[in-house]
Amino acid sequence: MNRWGSLLAGATLVLLWEMGCVISEVPSYILPRPSSVVLTAVVQTPILARHGAVTALEIILGLTLALALAVPLSTAMFAKPYLERALSPFLVASQAIPVFALAPVLVVWFGYGITSKVVMATVIIFFPVTVNLLEGFKSCDRRYRQMFRLMGYPFRDTMVKLYWPWALPYFFAGLKVAVSVATIGAVIGEWVGAQSGLGYLMIQSNARLKTDMVFAAILWLSVMGLALWWLVGKLAERYAPWSDGDEKN
Amino acid sequence: MTLLSVSKLRKSFEGLLVLSDLDLEVEPGEFVSLIGPSGCGKSTLFDLLTGSVSPDEGAITWKGAPVEDLSSLAAWMSQSDLLLPWLTLRENAMLPIRHPTGKDKKRGDSLLIRLGLRGFENYLPGKVSGGMRQRCALARTILFDRELILLDEPLSALDALTRQGLQGMLVTLQKEFGKTIVMITHDVEEALVTSDRLVTLSQAPMKITGNYSLQGYKPRHRDDPYVVKLRGAIMDVLQGRAS
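In order, the protein sequences belong to chains P and B.
Quick note, the numbering used here runs 219 ahead of the 1-based positions in the first sequence.
Quick note, the numbering used here runs 396 ahead of the 1-based positions in the second sequence.
Be aware that a few hints might be false.
As the list claims (entries may be wrong) - Derived DSSO-like pairs (lysine-lysine); straight-line CA-CA distance at most 30 Å:
no.	chain 1	residue 1	chain 2	residue 2
1	B	Lys499	P	Lys380
2	P	Lys395	B	Lys625
3	P	Lys380	B	Lys523
4	B	Lys614	B	Lys603
5	B	Lys459	B	Lys571
6	B	Lys614	B	Lys625
7	P	Lys395	P	Lys453
8	P	Lys380	B	Lys614
9	B	Lys501	P	Lys380
10	P	Lys357	B	Lys571
11	P	Lys299	P	Lys429
Derived from the structure by calculation, the hints contain no laboratory data.
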């Protein structure tokens, strides 16, 4: 029912947009019709796919790098609370800096190639994953910890048998947020300076008043974000099925 | 030799005295039930024994030697089954054995069968009933391989029929494995059915108000005149103290 409701709401919005463009006769370089956006997204698939692949690669590499940093860091902060106390202010501060402010600096440091965009995506993805995973570890019920202590489990084994599986639903929740915003990092990086990618294509098309292409790129970005979100959801279902209220009493 | 001895145990939280000079002795192989009103500090006593909190004063002695707590000496089972939802019943039961051998696995499997879980060994806890989960938790507690078992209202979340079945099972397994059991319960009947000794406790600050050595073959029948008579007497003590 919810799915049909979403589809209906989306279809209504698109229909209103289409009708609004027809009735108001607004020029397509200001607001293209949804039908022409979809047409462009399909007809220009080779171009969009080429640039989309670059952006997707930036996101995937950013995701990999962010996970490689976030997982050990949150584990270390959980194992050694003094590390959490020392690093938390820096983690929060890193999120207080707008990504737009960082982008030019990263381009200066890492160049116009893919590296600066990967770093941008990493910066955005890293925080929700680290924070959620750490919260997941810390949320472990006292009675379970007590039981493992009585069973004589050392920290490392408790981590593997209890804390990690316990935190997995939190990890996937953080990852869902991360992949939803990951495109922002990559695209902002491409806006500031790039030679390819959907962000680059958007800037180029915007300068030529090819607004339908800008919207087609946005459509592709949305589809990429949704696909990643769906994929993480499927991974969570597969590897942390107990997150769906399958009681941790 | 006395297995466990607790003397002058005292604990307060933020100025509120919960345990006041508590003395308790448990002999090897004994099944002792502690009964008291809700909130009297029974669980705090177990927290002290398992080392989750430290006492303000008092001493714990194990076979005559002073110990800080029983974290390496006692098994523990709580009201909640505490099964890990990502592990099968077999894996949950075997948790206390970190590196199980083939012999351990056989022992675990035979215990699960004894507890009526044959055919469910590979089920996840979310797929079986509350009674089965609690039986699996009981198997895990026995596989702790500790001489003393601390049971914190282990059957209180179950329906009456399942509870009765498990009470009998508890007594049988205690005899068979030669365990010493200290059980917290608020169910007088349960204590009378299963225990060798029943200790009544007062409202916080918790003190021992009665100590009853029980006679006869266990598990006792709940309609046994001896049980019925004692139940009335103990209820009077508990209610009298509560008021």
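Hint numbers the structure violates, sorted upward?
-> Per hint list: 2, 8, 10 and 11 violated.
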